[in-house]
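Protein chains in written order, with the numbering used here: chain R, 2 to 205; chain U, 18 to 259; chain H, 13 to 257.
A hint or two may mislead.
In silico SDA-like links for lysine to any residue, alpha-carbon gap of 25 Å or less [stated by the list, open to error]:
1. R:LYS111 x U:GLY37
2. R:LYS171 x R:PRO191
3. H:LYS30 x H:LEU251
4. R:LYS111 x R:ALA125
5. R:LYS111 x U:ALA47
6. R:LYS171 x R:GLN124
7. R:LYS111 x U:LEU52
8. R:LYS171 x U:GLY116
9. R:LYS171 x R:LEU202
10. R:LYS111 x U:ARG51
11. R:LYS111 x U:TRP44
12. R:LYS111 x R:GLY135
13. R:LYS111 x U:LEU46
14. R:LYS111 x R:ARG130
15. R:LYS171 x R:MET31
For the record, the hints were derived by calculation from the structure and aren't laboratory data.
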Amino acid sequence: MLEAIDLAARRGSSHLFSSLSFSVEPGCAMFVTGANGTGKTTLLRILAGLGAPFAGTVRWRGVDVAPFAQTLRDDVAYCGHLPALKDELTAEENLAALVTLTGESVAASKFRDALASVALERQARLPARALSQGQRRRLGLARLSLSRRPLWLLDEPATALDSAGIALLKRLLSGHLERGGCALVATHQPLELPANEVRALSLS
Amino acid sequence: MISEPTAATFQATAPASDSGAWAGVRWALARDLRLALRSRAELGVQLLFYVIVVSLFPLASTPERNQLALMGPGVLWVAALLASLLSLPRLFASDYADGTLEQIALSPYPLPALVSGKMIAHWLTTGLPVVILAPVLGLQYGIDGEAMAALAAALLIGTPILSLLGAIGAALTLGLRGGGSLLALLVLPLCVPVLIFGAGTVDAVHAGLGVTANLSLLGAGLLVAIVGAPLAASAAVRIALD
Amino acid sequence: MNFFRYSSPSTFYPLAGKLIPWFGWSALLLAIVGLWIGFGLAPTDFQQGEAYRIIFIHVASAWMSMFIYVVMAFWSALALGFNTRLSGMMAQALAPTGALMTFIALWTGALWGRPTWGTYWAWDARMTSELILLFLYFGVIALRNAIDDDRRADRACGVLALVGVVNIPIIYFSVQWWNTLHQGSSVSMVAAPKMAAIMLAGMLVMAIAVWFYSIAVVLMRVRCIILERERGVAWTGQLTEPGTI
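The shape of chain R in the complex, shown without the other chains (with noise of 0.2 Å):
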């Protein structure tokens, strides 16, 4: 469903990765590798249309796409390193507010529910700014729960995130996997996801 073609990235000068070419199939999760600095973050924001390649082209459903495409915005949840959350909002409110930017149309009780869900209930009503990183972090995760689009694309969404959360985490994405999506996690660890198909990508 996605596929990069010859794709290459520059930071300034330097050259993070040059001819680059990969398909991620629909139930397939790639897990992208590498040391800091490697690209990891730049492959991830121009798969998602935020940024034009130095060369190359990425192809979404058999269709080269443009950044900012816009089958690539009614497609893509991208999450990148900063949650994405204002600090004055409370957390239902934020995660109201991104699941609303997205277009999705849903009912106010399920927000309560995707909180639940990632035990977060008690904290609904405080302002984000009290929330810890990983309790930041699982709002994120709450985010991705009430998502419905095909393409995920997680930067590093294991941070911060303790035992429970990684295994709320993983089972978001076999979840998302299995009724057939696909994802690109960047991560510096591969996360073990047994029953589904999983490839690794190593930036370096």
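Given the coordinates of chain R, work out where chains U and H should sit on it, guided by the hints.
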């Protein structure tokens, strides 16, 4: 064997383009207003800045009534411009810093619609209070009656233009060093026509010329800005995120 | 002849190198002729005496300052639309010369105003618009300096230049409107004296001289910019070989 996601599993979430645009404006407007109301202190400080600047000019020149009446409209307008500039960096910077701007740019809603919502929120929290305060502050300069009504009308039409143009500058200077001053350098020359026609309404009243010309020109400028500024600002946001 | 083969920095670089001497020497020649006409041949003006002669420089640089902004906006539009590196480099090269022309126009205008009307600056429509144009140039240059990434700088300055070029007629119109309202008539601060044919000829010659000078200088600058931005690409390494321009 996993098959292609079926329509049932992954609904196409893209709304129709026109309903998408309005929904985008509403989303951004509602969220930004809510954020502004939660930081009421900041808004208060901005308004206070406006009041103080307006009150400084007579102290620096003269309290003589005739001179003040001549200076007044210009001072009120320049102060409105400076107050707008003061709050512009925050328009996109906070979203840029916490990663929300990326999510906004990746939303299926048209980016110009989302940006417009933010611009409207900015005007409601910065420009509209200035318009409301102006008649009170105008008393310090001996502007009242018909002249004050004209000035308030001009500010009502002109301050949105300042927000619209300023947003372009804010988007262009996202994340750059020299932020606020650079923003001012970029935006102020573009605002000169608004300043001229806006402050000129009072002169027109005093000269007995009537305010239709000034207000129509400002109105035309507002329409052009409403159409063009969101597009330019969206382009600038995408450039900044690249 | 296929002009598109010059759209890459590596092919444009030697072309620019060949063109510079032609434009440079022509500019010098024309400037000598123009200044001789302006300061030597043209008659003393009845009203303004000798002081009016500075318009031979003032008008040429003022025209150039506006023309260069439009050309810069044109290259910016190409850079945004087609994402070509050379268009962005051309826009980058034009801004400083445009700013210089504006600066010269402002100073020569002030020097003209002093002996003729007794004041260096009188807030007339043209001079005020010229001042705002200088600020617009400074804005583009400042934005370029503030952005480290060349591609982002190309595109951001492109957007700014296009917003500016749309605003320039509006700004000029508003300033002129403001000025006529306050000065009471539509006479600008210093009106050019009635043009004898010889004066017109002198102004045109100076205008072309300044134009050729600008082209030569911009080409020189764009060559420097090309070298700076394309460093690390193979063809720049071969430039030190004898015989290359």
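Holds or violated: LYS30 (chain H) and LEU251 (chain H), Cα atoms, limit 25 Å. Within the cut-off at roughly 14 Å; holds.
Pairwise hint evaluation, GLN124 (chain R) against LYS171 (chain R), where the allowed Cα distance is 25 Å at most: At roughly 23 Å apart (the allowed maximum being 25 Å), GLN124 (chain R) and LYS171 (chain R) satisfy the hint.
Pair hint LYS111 (chain R) and LEU46 (chain U), alpha-carbon separation not exceeding 25 Å: 23 Å, holds
Hinted pair LYS171 (chain R) and MET31 (chain R), Cα distance within 25 Å: 13 Å, holds
Measure nothing beyond the straight line between the CA atoms of LYS111 (chain R) and GLY37 (chain U); if it is 25 Å or shorter, mark the hint as holding. Holds, because 22 Å separates the two Cα atoms, which is no more than 25 Å.
Just to be careful, I want the Cα atoms of LYS171 (chain R) and GLY116 (chain U) compared with a cutoff of 25 Å; is the pair within it? 24 Å, holds
Holds or violated: LYS171 (chain R) to LEU202 (chain R), with C-alpha atoms at most 25 Å apart: 19 Å, holds
Satisfaction of hint between ALA125 (chain R) and LYS111 (chain R), Cα-Cα up to 25 Å: 13 Å, holds
Given the hinted pair LYS111 (chain R) and ARG51 (chain U), is their Cα-Cα distance within 25 Å? Answer holds: LYS111 (chain R) to ARG51 (chain U) is near 22 Å, not above 25 Å.
Take the C-alpha atoms of LYS111 (chain R) and TRP44 (chain U), compute the straight-line distance between them, and say whether it is at most 25 Å. 19 Å, holds
For LYS111 (chain R) and ARG130 (chain R), compute the direct alpha-carbon distance and say whether it is at most 25 Å. Answer holds: LYS111 (chain R) to ARG130 (chain R) is near 23 Å, not above 25 Å.
Check the hint pairing LYS171 (chain R) with PRO191 (chain R) against an upper bound of 25 Å on the C-alpha distance. Satisfied, since the Cα-Cα distance of roughly 11 Å is no more than 25 Å.
Going down the numbered hints, you'll see the structure goes against none, and every one checks out.
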